[in-house]
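A.B. asks: One line per chain: the protein sequences are A and B, in this order.
Position 63, counted from 1, in the first sequence is what the working numbering calls 63; the numbers after and before it change by one each time, with no gaps.
Position 40, counted from 1, in the second sequence is what the working numbering calls 40; the numbers after and before it change by one each time, with no gaps.
Check before you lean on any hint, since a few could be wrong.
What the hints assert, rightly or not - From the structure, some residues in chain B lie toward chain A, with a derived Cβ separation under 8 Å:
(1) P173
(2) P223
(3) Q419
(4) S420
Keep in mind the hints are simulated off the structure, nothing from the lab.
C-beta: ideal position from N, C-alpha, C; glycine also.
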Amino acid sequence: MHATTTVRPKRSAGFALLSPAVLILLVWSIVPLLLTLWYSFRNYNLVDPTLQGFAGINNYWYLLTDPDFLQSLLNTLILVVGVLAISVGGGTLLAVLYDQDFFGRGIARVLVISPFFVMPTVSALLWKNLMLHPIYGVYSSMMRAVGLTPIDWLQRFPMATIMMIVAWEWLPFAVLILLTAVQSLDSEQKEAARMDGAGAIAQFRYIILPHLSRAITVVVMIETIYLLTIFAEISVTTAGGPGVASTNLAFLIYSRALLQFDVGGASAGGVIAIVIANIVAAFLVRAVARNLEA
Amino acid sequence: MGTCLAAAHAESELTIATVNNGDMIIMRQLSSEFEKTHPGIHLKWVTLEENVLRQRVTTDIATGAGQFDIMTIGNYEVPIWAKQKWLAELHPAADYDMQDILPAVRQGLSVNGQIYALPFYAESVMTYYRTDLFKKAGLTMPESPTYDEIRGFADKITDKSNQVYGICLRGKPGWGENMAYVTSLVNTFGGQWFGMGWKPLIDSPAWKAAINWYVSALREDGPPGATSNGFNENLALFASGHCGMWIDSTVAGGLLFDPKQSQVADKVGFAPSPKGAYGKGPTWLWSWNLAIPASSKHTEDAQTFITWATSKEYVKLVAERKGWVAVPAGTRASTYKTPEYQKAAPFASFVQHAIETADPNGQTAQPRPYGGAQFVGIPQFQALGTQVGQTIAATLSGQVTVDQALASAQSSVTRTMRQSGYSH
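If we strip away everything but chain A, and leave its shape as in the complex, we get (with noise of 0.2 Å):
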């Protein structure tokens, strides 16, 4: 009885003083959620405003059954996946890499750790215009000197090259987590397997990467997070196109906002990502937590 008496006082204490915090946060969340929600079933769109009052689920509708829809979720999926392998895959072989011992390694490591300070849309505008431009480029101008006809990158494979520049982007976050992963690896587990007769590719198959999991999941979700809303790199290089080549739901989005000032549909359209954000979301945790806990 005492006990609880002491207690008490504290816990109200520590209510008291986070709640305005809760508070803010909760309405800053909550009032930008309610209202998308409110445009969602509202005609609303800014170049005319005659155009007003409730729209029922036609937003949905003309949303959910547009072609470039299901292109941009596609186009989603194919970008978290690709970038996901990309960079998992090179940051494990590059943290292993440079784990070894070579000369020059910390000049390396600084090399290829920094892509990763560079901002999204500055790195796009490097890629479209310095290296990748058709005329003026870096890369055209290598082909050219060879004698070959260069490929307009961003025309051509326009999904392939935006995964191509944000597996770039964000290498260089995988490598940085898993190479600290490996360090953190015992040593004399490796020298017994070496001893053992485990050559390089067992060690890795064997120790290495079942060290590596648990980093590997943190990369992933926490890259996915970031990848599921892309934007800057697209809107910059190629801006959605050609067609709807480039466009993924964060574009579909901004496009249906700002482009067509359709804010009713860009309203429905941000519900939706909500919705398979969460998805995506607890499907991530459940993944992580079981990895976690193992």
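We have chain A; now place chain B onto it with these hints.
C.D. replies: Relative to chain A, chain B alone:
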């Protein structure tokens, strides 16, 4: 009180949203002259790429955010926004000489006899070509070329190994980018956006013929990366010697003939916009204008600035500082009467004629419920134009065929028109 007002006036700062086209950049540079003569007014510039500018000013004015005091908008927006009471009425002083503005341009800026924006420069469409390449290939540009002839010329002057491409055209998606060109192309092929009753006519044979011409010309004789090229990108390509021909805005003339900005200034020829199977149809009439949003708190100062920037005196100032070839074109009859301009800009009378005959309300092959030359004068056109522009761009990269693209454009336009209540 008087000092108070003067002090308040001294603080007035005008935020101006404008597009990153060459003439606007000059206006921005020369605006320090305005600040010198109007010490109470300070100017803050927001210069943006065309598509981004549209996005920013449209959201700003539609939501009444009041971020800008002066906006650069087209003759597409002026009547629509004036009807929605989003723009302040303008009352230029008598010495501004409103009658000097070319009638075709003036009409596009008035609603019920009231003026809502002042034109900075105006444009129609013309064909630019490289006289040296034509001479080398033994070709002569006819006085009034057809699209078939242009295609033949493009084939003959394309020299990909030297990065010379027979024809450059807009491919960057956007209702004011690729669709401005495509709409005027389609018009002369006998196509149009809508028939009476707002029935979309995009899957018609005329559209197919026009887009097939466009796609085959650009794929075979165009520069790589055409889907990224808008007005500015093509201007840079032509000025640096990469294009044999370019069909685009007449305003490029002043930049291509200017030796300071163009490496091919002494080798540029010009001809009217080519004709397709229909041969007639509205061509292109665009003006970039300065307008004041109704939400501005500095309406009077804003009007002082925009009358300055669109006045005869401003034209003279540009002539003095940058040469006559660089003056804003297409707006004032007095500019075209100036002998120095006629001498510096060999295309002057040609452009004046193109603007006066662009005919935004002219006859298309079938009767139509809308006005506009290279656009459709309804609020939904920004959405439609951008959507269809994306679809047309996909045909250039070969992802979809022309037939597929037009069928999908027809269906998306039908959907949008239904959603916005034009058709049921």
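A.B. asks: Taking the hints in turn, state whether each one holds.
C.D. replies: A quick look at each hint next to the structure:
1. Interface restraint check: P173/B against chain A, minimum CB-CB distance 6 Å, threshold 8 Å, status holds.
2. Hint status for P223/B relative to chain A: holds, with the closest Cβ pair at about 6 Å, below 8 Å.
3. About 6 Å separates the beta-carbon of Q419/B from the nearest beta-carbon of chain A, less than 8 Å, and the hint is met.
4. The restraint placing S420/B at the interface with chain A holds, with a minimum CB-CB distance near 6 Å, inside the 8 Å limit.
The structure meets every hint from the earlier list without exception.
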